[in-house]
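There are 2 protein chains.
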Amino acid sequence: MVLVSDAYQSRVDNEAAIMLRRDPVVYSGANDGAQGLVQHQLRNYQKNGFIFLKNFFTESEVALFLKEANRMAADPMIREREETITESGDQIRSIFMVHRLNDLFRRLAADVRLVNIARQILGDEVYIHQSRVNLKPGFVGKEFYWHSDFEAWHVEDGMPRMRALSCAIFLTEHNEFNGPLMFIRGSHMHYISCVGETTADHYRHSLKKQEYGVPDPASLRFLVDRGGIQAPKGPAGSVVLFDCNTMHGSNSNISPYPRSDLLFVYNSVQNALGKPRFGLAPRPEHVATREELSPVVPLEPDYSG
Amino acid sequence: MVLVSDAYQSRVDNEAAIMLRRDPVVYSGANDGAQGLVQHQLRNYQKNGFIFLKNFFTESEVALFLKEANRMAADPMIREREETITESGDQIRSIFMVHRLNDLFRRLAADVRLVNIARQILGDEVYIHQSRVNLKPGFVGKEFYWHSDFEAWHVEDGMPRMRALSCAIFLTEHNEFNGPLMFIRGSHMHYISCVGETTADHYRHSLKKQEYGVPDPASLRFLVDRGGIQAPKGPAGSVVLFDCNTMHGSNSNISPYPRSDLLFVYNSVQNALGKPRFGLAPRPEHVATREELSPVVPLEPDYSG
Chain A
575 MVLVSDAYQS RVDNEAAIML RRDPVVYSGA NDGAQGLVQH QLRNYQKNGF IFLKNFFTES
635 EVALFLKEAN RMAADPMIRE REETITESGD QIRSIFMVHR LNDLFRRLAA DVRLVNIARQ
695 ILGDEVYIHQ SRVNLKPGFV GKEFYWHSDF EAWHVEDGMP RMRALSCAIF LTEHNEFNGP
755 LMFIRGSHMH YISCVGETTA DHYRHSLKKQ EYGVPDPASL RFLVDRGGIQ APKGPAGSVV
815 LFDCNTMHGS NSNISPYPRS DLLFVYNSVQ NALGKPRFGL APRPEHVATR EELSPVVPLE
875 PDYSG
Chain B
575 MVLVSDAYQS RVDNEAAIML RRDPVVYSGA NDGAQGLVQH QLRNYQKNGF IFLKNFFTES
635 EVALFLKEAN RMAADPMIRE REETITESGD QIRSIFMVHR LNDLFRRLAA DVRLVNIARQ
695 ILGDEVYIHQ SRVNLKPGFV GKEFYWHSDF EAWHVEDGMP RMRALSCAIF LTEHNEFNGP
755 LMFIRGSHMH YISCVGETTA DHYRHSLKKQ EYGVPDPASL RFLVDRGGIQ APKGPAGSVV
815 LFDCNTMHGS NSNISPYPRS DLLFVYNSVQ NALGKPRFGL APRPEHVATR EELSPVVPLE
875 PDYSG
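Those protein sequence lines, which keep their order, are chains A and B.
Numbers 575 to 879, taken from my numbering, label the letters of the first sequence in order.
Numbers 575 to 879, taken from my numbering, label the letters of the second sequence in order.
Keep in mind the hints are simulated off the structure, nothing from the lab.
Values in this document were obtained by computation on a predicted structure and should not be read as measured data.
Mixed in with the good hints there might be a few duds.
It does not matter which identical chain is meant; a pair holds if it fits inside one copy or across any two.
Claimed, not checked - Capping the alpha-carbon separation at 27 Å, the derived lysine-lysine pairs in DSSO-like fashion look like this: (1) 641 <-> 628; (2) 628 <-> 807; (3) 641 <-> 807; (4) 716 <-> 628; (5) 716 <-> 641; (6) 716 <-> 849; (7) 716 <-> 807; (8) 849 <-> 628; (9) 621 <-> 849; (10) 621 <-> 716; (11) 849 <-> 807.
Please work from the sequences and hints to get the whole structure.
The structure is reproduced here in structure tokens:
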């Protein structure tokens with residue numbers, strides 16, 4: 575048995591557990607004056623653990639983002655990088671750290687409209703914990719099982735508290751057929767401690783996402799019974815902001831419609847990563863940054879080219 | 575190269591082909607006088623290749639069907655039969671030939687309301703080509719890729735013409751989260767000849783569903799561009815009727831909601847099976863009957879127990 579003094583311990587027992595969240599969802603602080611979400615939006619975010627902002631970016635803005643994502647995916651120099659994850663075949667599934675690899679995405683991650691919301695919710699200056707482009711292709715898009723990002727970030731990256739959020743920018747339409755993101759409403763208020771092995775050694779050598787950090791069916795049923803599922807659907811340019819502990823996942827995509835998005839994870843500067851649990855080695859910089867912790871300096875949007 | 579004189583040849587070439595349907599969708603004949611679909615329903619079926627009849631059965635009727643399906647799935651005698659298909663683990667995915675294994679389902683398959691519709695559309699007396707219960711569980715329900723039933727029935731079972739239809743009775747709610755059946759509207763008017771190997775011998779030994787009879791992406795995109803996708807959603811007791819050549823499939827189901835249905839395939843008595851193509855051995859009786867070809871005798875519904 576690993577001894578831990580940890581409000582959010584996970585993967586240490588043969589039994590799952592459902593614990594109450596011990597952190598705020600909406601923090602008060604840094605950005606109370608500046609623009610961001612309006613009050614009823616903030617209340618919805620607080621209650622549901624996510625908020626959907628349809629048509630946040632214009633058609634021409636998002637067309638530029640998609641073009642740039644496709645340009646990156648076609649770039650042989652990018653394809654070779656460790657930040658690029660390919661599927662069987664040669665299809666690119668994700669490119670990580672796009673806000674450092676690409677100038678447009680660097681500016682987009684700093685878009686004052688996004689950063690203000692992140693600062694408002696997290697009550698603090700923020701930095702980018704992780705960013706990526708996800709290209710879920712048509713016909714062969716795979717499902718992504720239910721998970722809380724925070725569970726993995728806490729265990730594998732040593733993120734101390736729930737004070738981070740993700741911003742997903744739709745690069746293509748998300749519709750009912752192409753495996754849209756699904757969220758369990760209100761799930762962010764509970765923390766599902768996942769079943770796991772007990773020895774540090776085991777973790778060091780054989781941590782596998784498919785086997786660890788997977789919430790059990792009974793806990794998922796508990797969460798769904800309370801809040802239900804919602805899958806925000808809308809055109810390219812729409813945005814979903816969701817709490818780091820909101821349970822989410824997606825079904826497969828056999829439709830011809832690709833489902834692509836850009837993802838920026840904002841973390842409070844007071845919530846920088848500590849040591850991973852169980853003596854795990856830190857994950858690579860592009861998955862969980864430990865170097866670039868300076869607050870994002872907001873930029874006025876300018877995507878004219 | 576296999577020489578075939580076949581209006582619907584498939585799996586004989588390295589190239590896919592999109593052919594026009596050569597058979598009626600709605601036949602005129604046997605049942606013009608009797609009750610069935612009303613005219614605008616029939617027109618929709620003709621045009622789309624399927625029709626959705628919400629709340630066709632009452633809550634209490636379908637509760638009885640589901641109870642019986644679960645009872646069968648729990649019966650050790652049933653579990654051992656070749657008609658029962660289990661997933662990895664011990665979960666039952668399908669039980670075939672339920673209209674011959676079970677008295678309630680025998681009567682249900684003969685329900686005059688269903689049989690009248692089948693006779694009206696197929697313009698003939700009908701028999702049950704195949705029946706089954708599908709139990710798509712929550713959390714781990716797998717996707718089912720796009721396919722035309724007729725393509726397989728024609729090649730593997732020697733069904734001569736497009737003169738059959740499926741009737742899917744929802745045993746649970748089908749919603750946007752649990753991998754509902756998706757149909758490509760109007761796809762029944764084209765026949766996708768699938769890529770395949772050329773030697774009879776190859777077929778005899780290694781026919782695999784995953785590799786053969788799979789429509790190519792370009793043809794699917796062609797069909798979807800013309801008609802779009804529709805996924806009928808509704809409560810248990812709802813019914814979808816679809817043409818044997820309507821392209822359909824479903825995504826995975828990571829939601830906690832199981833997605834179960836009963837399926838009866840009605841075939842015209844003039845369309846009984848011939849020889850499978852490529853010298854294939856006939857598939858088992860419970861997948862494609864060759865013995866029970868007598869017309870279904872319609873029964874007044876009585877599901878009081």
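Structure-based check of all given hints:
1. In the homo-oligomer, the alpha carbons of residue 641 and residue 628 lie at most 27 Å apart inside one protomer (20 Å), although the nearest pairing across protomers, at 42 Å, exceeds that limit.
2. In this assembly of identical chains, the alpha carbons of residue 628 and residue 807 lie at most 27 Å apart whether taken from the same copy (8 Å) or from different copies (24 Å).
3. With identical chains, the CA atoms of residue 641 and residue 807 are at most 27 Å apart within one copy only, with a shortest distance of 21 Å there and 35 Å across copies.
4. Only within a single protomer do residue 716 and residue 628 lie at most 27 Å apart by alpha-carbon distance; the minimum there is 25 Å, versus 30 Å between protomers.
5. With identical chains, the CA atoms of residue 716 and residue 641 are at most 27 Å apart within one copy only, with a shortest distance of 23 Å there and 33 Å across copies.
6. In this assembly of identical chains, the alpha carbons of residue 716 and residue 849 never lie at most 27 Å apart, being 32 Å within a copy and 37 Å across copies at closest.
7. Proximity of residue 716 to residue 807 under the C-alpha cut-off of 27 Å is found in both arrangements, the shortest distances being 18 Å within a copy and 22 Å between copies.
8. Taking identical chains as interchangeable, the C-alpha atoms of residue 849 and residue 628 are never at most 27 Å apart, the minima being 38 Å within one chain and 55 Å between chains.
9. With identical chains, the CA atoms of residue 621 and residue 849 are never at most 27 Å apart, being 31 Å at best within one copy and 61 Å at best between copies.
10. Taking the shortest alpha-carbon separations for residue 621 and residue 716, neither the intra-copy value of 30 Å nor the inter-copy value of 32 Å comes in at or below 27 Å.
11. In this assembly of identical chains, residue 849 and residue 807 lie within 27 Å of each other by CA distance neither inside one copy nor across copies; the values are 37 Å within and 47 Å between.
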